[in-house]
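Here is how the chains run, residue by residue.
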Amino acid sequence: MSQMKTNGTQTRSFGQRMNALWEYANPVKFMALSGKVLPWIVGLCALTLIPGLIWGFFFTPEAANFGNSVKIIYVHVPSATMAINIWVMMLVTSLIWLIRRHHVSALAAKAAALIGMTMTLIALITGAVWGQPMWGTYWAWDPRLTSFLILFLFYLGYMALWAAIENPDTAADLTSVLCVVGSVFALLSRYAVNFWNQGLHQGASLSMDKEEHVSNVYWQPLVMAIIGFGLLFVTLLLIRTRTEIRRRRLHALMARERMSDA
Amino acid sequence: MIALLIRDMRLAMRAGGGFGLGLAFFLIVTTLVPFGVGPDAEILARIAPGILWVGALLACLLSLDRIFQLDFEDGSLDLLATSPIPLEGIVAIKALAHWLVTGLPLTLAAPFFGALMHLESPGFSWMFVTLLLGTPALSMIGAFGAALTVGLKRGGLLMSLLVLPLYIPSLIFGAEAATRGMAGFNANAPLLMMAGITAGSIALLPFAAAAALRVNLR
Amino acid sequence: MDFSASLTADTLTVTRGGVPILQNVSFTLSPGQVLILRGPNGSGKTTLLRTLAGLQPPLAGRVVSDPETVTYGAHADGLKATLSVEENLQFWASVHGQTDITQAVEGFNLAGLVHRPSANLSAGQKRRLGLARLLVTGRPIWLLDEPTVSLDVASVALFADAVRTHVAKGGSALIATHIDLGLKADSFDIGPYKADPAKAPDSNDGFDTDGFEGAYL
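Protein chains in written order, with the numbering used here: chain A, 1 to 262; chain B, 1001 to 1218; chain C, 2001 to 2217.
Take the hints with a grain of salt, since some may be wrong.
Stated by the list, open to error - With a Cα cut of at most 25 Å, we get these calculated SDA-like pairs of lysine to any residue: (1) B:LYS1153 to A:GLU166; (2) B:LYS1153 to C:PRO2057; (3) C:LYS2126 to B:MET1013; (4) B:LYS1153 to A:ARG258; (5) A:LYS29 to A:ARG240; (6) C:LYS2194 to A:ALA255.
To be verified - Just the calculated beta-carbon pair ranges, DEER-fashion: (7) B:GLU1120 to C:HIS2115: 49 to 57 Å; (8) B:PRO1084 to C:GLN2103: 14 to 22 Å; (9) B:ALA1183 to A:ILE239: 50 to 58 Å; (10) C:THR2165 to A:LEU114: 56 to 64 Å; (11) C:LYS2169 to A:ALA163: 50 to 58 Å; (12) C:HIS2115 to B:ALA1203: 38 to 46 Å.
Simulated from the structure, these hints should not be mistaken for laboratory data. Where a beta carbon is used, it is the ideal one built from N, C-alpha and C, also for glycine.
Only chain A is shown next, with the shape it has when bound in the complex:
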């Protein structure tokens, strides 16, 4: 009996802690907190991204068989990592919106989409630029490249749907449903594309057993660049979400204005 009681209290306190977390989904709290945190994140981002890239570009040895062009991985790999992770983040925030109806969540997904699309585009373009000296072609219908092209199309559709719908709540609902369904199909496409063509692209450059793929000299600045890109994403995301919240509030105020005029 007493055992059960303890369990009960624990669950409650955990629930309370979770509730405290959800409070930051309130636009007012989010604005206050993000405004305070933002300068620090910008600083951290500058401290990792800039040295990471400089280190990678200028202070790593040229690889014997790759030449100078290998250094593009310091942009290519981080942007590709971000491209996928941003979609996952959008999936999570879309689900939060659909289940818990937190507006900040929906707006964060909206804000992330353009960043994600840009990252995908950067990954594709740097990949093409790198592919030319490496494989002698800008484009190959290799599974990885193709998957990224497909991911780009998903970003495009998602953003187009946001842009097409006037009512912000309707737009948030429909894009969230699209994001959830799209994620399933994006995953299926990934498998389908693998099945369809075994490609030229090397395996994942970064994995737990990293020594197999890339030596330490390249790996350390790469990790730094990836962290830098991650922080860059967080910075841009916060700024864009803040803008979206303001725009949303403007929308609410204008709607109210129209109503009191009527």
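On the provided structure of chain A, position chains B and C as indicated by the hints.
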């Protein structure tokens, strides 16, 4: 439910060329490809499964916006939404009606159009089987796209942008199964994957589409 | 079908385009009652009817009714131009699990038109067909939005008769209209329920202005 199916079929017939338009479009696509690629029988035979699949997919896309748009505009969708039939059921029935009017005729016609593309005789049955198992997914995914864009003024183009990426897995597995099958390889894996996508779409997408419709009706 | 169903609006706040338009609307529509919904254009009658019909969620409050007892008659009749009058009615009847459409055909004087495609009907005839649909649903609660638009005097009388028969059986109707139907009816004016932008519970966008300024800029 059956009444709704009958009504939708009847409307498609009377709207002038319910079956005809999609098929005619399919025919035109298959006719245009050799003009672009050249009359070389070998090349045509090799790309035939892919062209037939892409043609079927585009023909299917053409009529998607009619699944909900007309009912939305004339108020029927409001009345259907308050009727005893669950909205999920309405979506499923409308997707079925769309398939009967476009997917099924395309499937039946594909072997004949395949002849235009110098498809070898084992290819006929492979095209038939892959399209038969794959086109229901095209209609169901399309119904989802149509549900998302039903309230929009110019939703047609946007819908293509949303729906076509969702067609990629079905297209890849479908065309791959047909290509492998007619080359005499084992095509079980892609065929099963495609059938799985179709089954999964039919089972789950009505819920997503109904949710989208509810949002668009309010 | 059980015809003794009632519908209650309980401190309902309804929104249009995310903004509250009516608030604290409360009333009960009892079996056998006709309630005329009054209010100027744009005051939210359609929004209220759609909310009551379950087509859109209320921002606050609730609608107490069995959705299976309510049928909604909108501006648009939901008719298919290429189907005949009979096919249109037959379709809505089967959707609602009914088979008999003769009463609806006779009640709205459509007998001479049954085989005509509804594309060839006049506006008033289409409206009559749209109203005849109400009878084939077999549902006791009618929520009607401007049902008499484009009806001539004789047709308005037909409609009033149909409503009378309906309530005599225990059905009820909530009708948004500007004309006098000559029915024994109660009146419900939505004017007093107009949402006050300053006091309305903030729209479902959650962007309450209170305390927001501090977080800006």
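Status of each hint after checking the structure:
For the hint pairing LYS1153 (chain B) with GLU166 (chain A), the CA-to-CA distance comes to about 11 Å; that is within 25 Å, so the pair holds. Annotation: proposed proximity of LYS1153 (chain B) to PRO2057 (chain C) holds, straight-line Cα distance about 24 Å (limit 25 Å). Distance check on the hinted pair: LYS2126 (chain C) and MET1013 (chain B) sit about 22 Å apart at the alpha-carbon level, within 25 Å; holds. Distance check on the hinted pair: LYS1153 (chain B) and ARG258 (chain A) sit about 24 Å apart at the alpha-carbon level, within 25 Å; holds.
For the proposed pair LYS29 (chain A) and ARG240 (chain A), the alpha carbon gap of about 16 Å is at most 25 Å, so the pair holds. Restraint check: the Cα-Cα separation between LYS2194 (chain C) and ALA255 (chain A) comes to about 15 Å, which is no more than 25 Å; the hinted pair holds. Judged by the Cβ atoms, the range 49 to 57 Å given for GLU1120 (chain B) and HIS2115 (chain C) holds: they are separated by roughly 52 Å. In this structure the supplied range 14 to 22 Å holds for PRO1084 (chain B) paired with GLN2103 (chain C), their Cβ-Cβ distance being about 20 Å.
Distance hint for ALA1183 (chain B) and ILE239 (chain A): a CB-CB separation of about 54 Å, consistent with the stated range 50 to 58 Å. Evaluation of the 56 to 64 Å hint for THR2165 (chain C) and LEU114 (chain A) yields a pass: the beta carbon distance comes to about 60 Å. Against the hinted window of 50 to 58 Å, the Cβ-Cβ separation of LYS2169 (chain C) and ALA163 (chain A) comes to about 51 Å, which satisfies the hint. At about 41 Å, the beta-carbon gap between HIS2115 (chain C) and ALA1203 (chain B) stays in the expected band of 38 to 46 Å.
Comparing the model with each numbered hint stated earlier shows that all of them hold.
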